[in-house]
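Those protein sequences? They're chains G and R, same order as listed. Sequential numbering of the first sequence, starting at 1, is according to our numbering. Sequential numbering of the second sequence, starting at 1, is according to our numbering.
By construction, these hints were calculated from the structure, which means they are not laboratory data. Yeah, the Cβ is synthetic: ideal placement off N, Cα and C, and Gly gets one too. There could be a bad hint or two in this list.
[What the hints assert, rightly or not] Covered stretches of chain R (in silico footprint by chain G; criterion: 3 or more residues with CB under 8 Å from a CB of chain G, positions within the stretch not fixed): (1) 33-41; (2) 73-81; (3) 178-184.
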Amino acid sequence: MELEAPDRFRPVVDHELCRRCKKCVTECSFRALEFVDGTVKPIGGCVACGRCINVCPAHCIEVRQVQSMFPPHANFNERVRRGIMSQATTGGVLLTSCGTDIPYPVMFDEMLLDAAQVTNPAIDPLREIVETKTFVGGRKGSLDVKENGRLSIGKDPGPMVAMDMPIMIGHISLGSVSYNAQKALFAAAKELNILAGSGEGGLHKDFNIYSQNVVSEVASGRFGVTGDYLKSTAAVEIKIGQGAKPGHGGHLPGEKVSALISQTRMIPLGTDALSPYPHHDIYSIEDLQQLISVVKEATEYQVPIGVKIAAVHNVGAIASGIVRAGADFITIDGFRGGTGSTPRIIRDHVGLPIEVAISVVDQRLTKEGMRNRVTLFAGGSIRSSADMIKAIALGADAVMVCTAALVAMGCRVCQQCHRGVCSWGIATQREELVARLDPEVGAARVVRLFRSWNEELKEILGAMGIDSVESLVGNRDRLRYFGPNSKIAEIMGVKHVGEGWG
Amino acid sequence: MTSSDVWGEKRKVEPFDPVSAIERREGCLVIHADRPDDEGRPLHYKVLNELVRKAMLDGETHIVLEGVMGHRYIASTANRKDLYIEIHGTPGNNLGAFLDGPTIEVFGNAQDMTGNTMNSGKIIVHGNAWDVTGLAARGGTLLIKGNTGYRVGIHMKEYAGTKPAVVIGGTSKDYLGEYMAGGTVVVLNLNGPAERSPVGMHLGAGIHGGRIYVRGKVEEHQLGPGAIMDQLSGEDAPELEELISQFERAFKTWVPRDWERWVRVSPASSRPFSGHYDPTSI
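I would like the entire structure built from these sequences, with the hints used as guidance.
Next up, the structure:
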């Protein structure tokens, strides 16, 4: 007798309506359905990805959450017991994907925005200009005032990249997602005139046409990193950490190293692609300064160079060091951020919420007189335009979004990416599955999503009487904390609801 | 110095022109990295590297850098196959990072991260090269006459026709060839007693591709996880002979072919951590 945990989900077919087309059976990449004796039957292993529901022409499938089969216990809850059972069977480190599903408090949901009333006029964004253009790159931190009163950003301002909205599609590598998925994300970024990260593993040659909207990545494995790759893209990001797995390296299992991935990452077919936990040329801020400098030399000072770190407890001091090391932009990834594969223990228990991290970094850099020298990106579960607006008000210049873009393309956040059999053709390298995602349709959906977010941003800015998103950056006075823990509000530098200023 | 000099009113010193560091010689272009600027300091690395880049753009095929004193990032991303850069002095960290084609010869010691993420080309060091030499190299050859430091040749990888190699004349320290995913490391142990092990601890830790040849004693406890040790076999001979003769030509020396003293360290598996994880969705 196997001591296996019972299934959590079960597809239920209405056999009266079922047309016996077997589409659900062939489309289920998790093999949770079979067709026997003229009927579709569940055979276990359903992950609620919803593909069968979507393809059923008779609309006769639903996926039910199986009522817990465990005796009730609030402390040894079902999740805990399932983990124990699985590890007692395999003896392995539990893997998972996407951002954490533990219901930690979300401070974004505990803050309210301000609006203009009487003493300052609101702006109508449909009829007046509300600027959302965002510049990415290092600043000198000062302005030159000419005799005629004109302002300029000083001599030798350094390379800058302009985005039409304060959104960057985060680093989702070819490997973690399919060719079609990455193509859709890049095409969307080009259409929207924003940036998208390449993730670790280089840039596929077909995607060179998008390079002016791509941020290349130098991660610890240095996969696909060549001089030409660095020079061809709009910006370069040195990846130190990722919110879903702070302090952990990358591990693309051999099963996912297909011919396509092998070619792009420049590694043999079927071997594990391991990225070391640290960069072995960076053991200090001084070493980071050298890697930033060598990448600047390699790109001949033509593109902004950034550093991405996971939000960890000492994030303020680390960010301060990164600015001093010469980074043009910093990306901070909060602990709720997504991933294509991570040990569950790290995803669920390590790091700092992005709301707190943004605020702490913004305050620290401001106090040290350096905030105006860098662009600050924040990511790690930006689920909506509301999260984006609050992140900017807390101190970010722009946000980095991944999961929401994937959901726009079909992802249902079933947390199975690491198994490589994504039924939506996103987190997989199997050709028959990849073909399910039409990159043009995917790109169009991402474009519509972010355009609507940007319109919502303008609505909020207008309501606040602000005519440019730059004026919202770090404007914590337009936020009020409406949650149970006023200590967090104090740390974030946000007043409590009810506190005014006059 | 008069007070008017201090305030710059009557300064007569010509403003420093980096072009004055360049000298044209028969068949080569010489850049004097120690050319003092207005304040008596040698060229800044940014200035030196800009001069080198410009010389490459102008089609120079033989560039000589003299008086190099710790200048970092020299020749990063240089990508002309016919380019030869001669360095006299001590180049700083990250010499030849992302190098793709040229040959760099250092008449002196190199510092850390020489040949970082190099793609192709050759770096020859007539001295020592210290920590993380050849980090994540994907192609090209590094020939080091003397000793090397810690974590040399780590995470090198090979793909299709390209295969990196590091040949070390003397010894290396701990974590040699850590995470190696391809390529070849050779330790010749030419400068010490036969009973000394020329490598440190954690040799080939996490190695999942490539091979490390050591001429000299390696104890089982020096091996890192995932590494196994064997005697040489006939299959090793052609590559080893090729790399050794490159080393001999570069340094005009002779390496004994005493194969009974050699060992080969290689990966136990190309999937070292496949059993480590539990992919069950719970």
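These are the hints, each one checked on the structure:
1. 33-41: violated (count 0)
2. 73-81: With 4 residues closer than 8 Å to chain G, the region 73-81 of chain R meets the three-residue bar; holds.
3. 178-184: That given contact holds, which follows from 4 residues of the region 178-184 of chain R lying within Cβ reach (below 8 Å) of chain G.
In summary, the one numbered hint that this structure violates is 1.
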